[in-house]
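Chemist: These are the residues of each chain, in order.
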Amino acid sequence: MTAQVSVTALTIDGPAGVVVAPFDFSIAPGETLALIGESGSGKTLSAKAIAGLLPAGFTARGTIALSSATIELPSTDAVWRATRGRRISLLLQDPFTSLSPVHRCGTQIGMTIDAASATRLSRDERTARITRSLAEVNLPADVARAYPHELSGGMRQRVAIAAALATDPELLIADEPTTALDASNQGEILDLLRGLQEKRGMAALLISHDLGMVRGRAEHVLVMRHGEIVERGVTSSVLNAPSHPYTRALIDADPSLTDRSARVVRGASGAGVSGSAEAKATGTTADSTTVSVDATADLVVATAVTKSFGDKTVLHGVSITVGRGETVGVVGESGSGKTTIARCIAGLERESSGVIEFEGVALAPGRASRTPKQMQIVFQDPYSSLNPMISVGRSLKLALRVAGRPASDLNGLLQLVELPADFASKRPAELSGGQRQRIAIARALAVQPQLLICDESVSALDVSVQKQILDLLAKLRVDLGLSILFISHDLAVVRQLADRVYVLRNGNVVESGQCHDVLTSPQHPYTQSLVAASIHEAAPH
Amino acid sequence: MLVVRVLGTLAILLVLSIIVFSMLHLAPGDIVKNLLGNRASSPEAIAAIRAQYNLDQPLYMQYLIWLGNALTGDFGQSIRLQDSVSNVIGSRLGITAALSGLAFLLALVVAVPLGVQSAVRSGSWIDRFATGFGIVGLSAPTFAVGLLLLYVFAFYVPIFPVYGAGDGGLDTLWHLVLPAVTLALGLGAIILKLTRTAMLRELETDYVTFGRARGLPDRQVHLIALRNAAIPIVTGASLVLTFLVGGTVLAETTFALPGLGTLLQGSVLFKDIAVVQALTLLVAVTIATIALLADLAYIFLDPRIRAKESAQ
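Same order as they appear, the protein sequences are chains U and C. Per the numbering used here, residue 280 is the first one in the first sequence, and the count goes up by one each step. Per the numbering used here, residue -6 is the first one in the second sequence, and the count goes up by one each step.
If you are wondering where the hints come from, they were derived from the structure by calculation, not from laboratory data. Backbone N, C-alpha and C define an ideal beta-carbon position, used for all residues, glycine too. Among the clues, some could well be false.
Which residues of chain U face chain C? A partial, calculated answer using Cβ under 7 Å [to be verified]:
#, residue
1, 363
2, 365
3, 368
4, 369
5, 371
6, 376
7, 377
8, 378
9, 379
10, 390
11, 391
12, 428
13, 432
14, 433
If you want the footprint, here are the derived chain C segments under chain U, 3+ residues with CB under 8 Å [said to hold, decoys possible]:
#, stretch
15, 199 to 207
16, 216 to 227
17, 284 to 297
Every beta carbon over 12 Å from chain U, so not counted as near; a handful from chain C, in silico [claimed, not checked]:
#, residue
18, 9
19, 232
20, 279
Using the sequences and the hints, build the whole thing.
Modeler: Okay, structure coming up:
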């Protein structure tokens, strides 16, 4: 049995003082330590410090003790060269960007193998080892010939794992390894990592913002906030009986832990609302169910919409209806066509066939046939959807001008999204992700649209911020009588907001109906698996 | 898709050939007088010219005959040099091709590695040197650089010859060094800037971080980044190469090299229309070929573009 990995007094100094206060941890071989925190908490910086990859301007102090070496931080490039890959490997969050798009997958795994082997490998030997690496992550050997863009997100992350582990490191740091993946892939990837760890006796540091994901997949957990560890302990006891209010708040905000389980339990038992956690988690959302939905007047009716890109068909006759004042959820994994249907309705893509009607009038494909007052869209990434060069106030004033509204409406607009008036002079770079998304929503609402299309609008945000934005949307919907088309890969998020839900898979609607009905008695096997996955995720381990 | 691209290039060249052909008719002055040049305009000579250029035929026939001849390499007679145009161009093509090739090679060999190092060690002395080099290279006019180099390396420190193309072989190469450096300075500056910018962007990407995180050597990580930065660099290099075709005129004049640049200059001044036509067409074909090769290079360099091409 090899000794455990221990890190002592890890401290990170930034340009303006200490960003991560000293903390210790140790991980036994084959075990996982989860480091939980929201963005800006310092968890990713900690991961990078242990891999020697801190960005310029940051330095780390402390000691990393491995069975084969002890590293005193800050360390030299030479030491890191001997450490990275061979002793410590770092797996990044996004498999869509962490592999080089112009190199074959096998080549990229081969690079790690070459980097770690003392002697030059023969061609056959290298090919054999690449095949073995791929087999370890349950991928066939011919994936070696593929380029990353030819693979799905889950497969890419498997390739990345194979590349990260090809050198047999003692410690794997996984920085949000499943955040960019769909629900159906998340569990598989984590279980795969777990299996590899046990087989190799490898320690893992799992960085995540998602407490629910950690349950049953990590022995110990550290909760980090503003660069300080606020709680630590055995995973199940931290999750079941958190001692720090911040941990409590994280658990409350996590849809997979409270709302999700509570609603499913309620559905299963047929009982009404119960428990304070449920009431607290849903908050205004609970009120929104009382909004009157005028089902007789449909705002948007999309009928048998198809869309092909080249010879690839992504929508096979999708029909979706959004009533006045109704919130409709569209759930599916990436590649299901959920974003494409939203973009067709918004006129950002031109459907190949089918009819999209707005208030009973058929709209020609494309943007020309639509007016800004009919519909607006809020995109996923608030970091790229706002122009970084102009102030928030100017962005909003431009939107107001489109609507023919006076610039003096600016303050009212900021109030609408619950931001103080002095935000008008700020630039996007000064705002947090949640604040930016509020601005993006305000900009969409400046023209007073009838329909708001939210395309994964909360999936780039931390759970607690996610909840705030969902609450805001729920409030706006009541105050403004908005209709909302809400696109998400996350069933747990959709169920917090939507009246009705469509489940999309491979360009087909496999199930639709009242949100509650679909979630409590799903008919289609795919929906059943999605609902089951969310129950599994929330169930105590 | 490849076929479409080649056909598109051919279509552009066809249109260009019509324009080039029209030069004969659009040139100011009487067409027969222009073609006669300084020869005596006896009725026999005029009749001979009219017959040679088929001036009695309808215009489209004249074009078709001209195009047919051009395609077989027959561009008629140079009135200035009293030789066939193809001979005139053929005897000078080598020196211009050698000069352009050498300048382009020099620019690439210096600018790409310097650009990579400049991006990798952003802010270091090598970066500052490269930035300074880029500014000088971009802003200094070709003829000024040429004169400066002549002054320093042929007059004060006479290691290189002052003018001419030498006696072939190594001697010619020796004669081409200074003009090539002159041209390469401007080209290299642009390629350097493009390489640095493209590399800086690639070095920020996740796959570079992931490469370092799994212990790949720096050299390999830089190669991954460079491979991903190849498309902007190739685009830049191909644009630069097309500029080079025009840029040789200045360098050849400064160093008195008997290449196509000086030929073009002389022919334009002398209204030697047949030569100007042939050279214009040659430059157009060269530029179109370079652009086509750059397009093909994208397909070769980026598997995603390749996939899109084969899907269509």
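Chemist: Compare the structure with each hint and give your call.
Modeler: Tested hints:
A least Cβ separation of about 4 Å between residue 363 of chain U and chain C falls short of the 7 Å threshold, and the interface hint therefore holds. With its C-beta approaching chain C no nearer than about 6 Å, residue 365 of chain U sits inside the 7 Å limit, and its interface hint holds. Hint on residue 368 of chain U holds. Least Cβ distance to chain C is approximately 5 Å, under the 7 Å limit. Checking residue 369 of chain U against chain C by beta carbon gives a least distance of about 4 Å; that is within 7 Å, so the hint holds.
About 5 Å separates the beta-carbon of residue 371 of chain U from the nearest beta-carbon of chain C, less than 7 Å, and the hint is met. Hint status for residue 376 of chain U relative to chain C: holds, with the closest Cβ pair at about 4 Å, below 7 Å. A distance limit of 7 Å between C-beta atoms decides the matter here; for residue 377 of chain U the minimum to chain C is near 4 Å, and the interface restraint holds. For residue 378 of chain U, the shortest C-beta to C-beta distance to chain C is roughly 6 Å, which falls under 7 Å, so the interface hint holds.
Against a cut-off of 7 Å between C-beta atoms, the interface hint on residue 379 of chain U holds, since the closest Cβ of chain C lies about 4 Å away. A hinted interface residue such as residue 390 of chain U counts as satisfied when its beta carbon comes closer than 7 Å to some beta carbon of chain C; here the least separation is about 5 Å, so the hint holds. Annotation: residue 391 of chain U was flagged as interfacial toward chain C, and the flag holds, the nearest CB pair being 5 Å apart, inside 7 Å. Evaluation of the residue 428 of chain U hint against chain C yields a held restraint, the C-beta minimum of about 5 Å falling below 7 Å.
Below 7 Å, beta-carbon pairs count as interface contacts, and residue 432 of chain U has none with chain C, the closest being about 14 Å; its hint is therefore violated. The interface hint given for residue 433 of chain U is violated, since its Cβ lies 17 Å from the closest Cβ of chain C, which is over the 7 Å cut-off. Counting residues of the stretch 199 to 207 of chain C whose C-beta lies closer than 8 Å to any C-beta of chain U gives 8; at least three are required, and the coverage claim holds. Figure legend: the stretch 216 to 227 of chain C, annotated as covered by chain U; annotation consistent (4 residues with Cβ-Cβ distances under 8 Å, at least 3 required).
Only residues whose beta carbon comes within less than 8 Å of a beta carbon in chain U count, and the stretch 284 to 297 of chain C has 4; three or more means the coverage holds. Its beta-carbon lying about 32 Å from the closest one in chain U, residue 9 of chain C satisfies the requirement of being farther than 12 Å from that chain. No Cβ of chain U approaches the Cβ of residue 232 of chain C within 12 Å, the least distance being about 21 Å, so the stated non-interface status holds. Distance check for residue 279 of chain C against chain U: the nearest CB is about 29 Å away, which clears 12 Å, and the non-interface claim stands.
Against the hints set out earlier in the document, violations occur for numbers 13 and 14.
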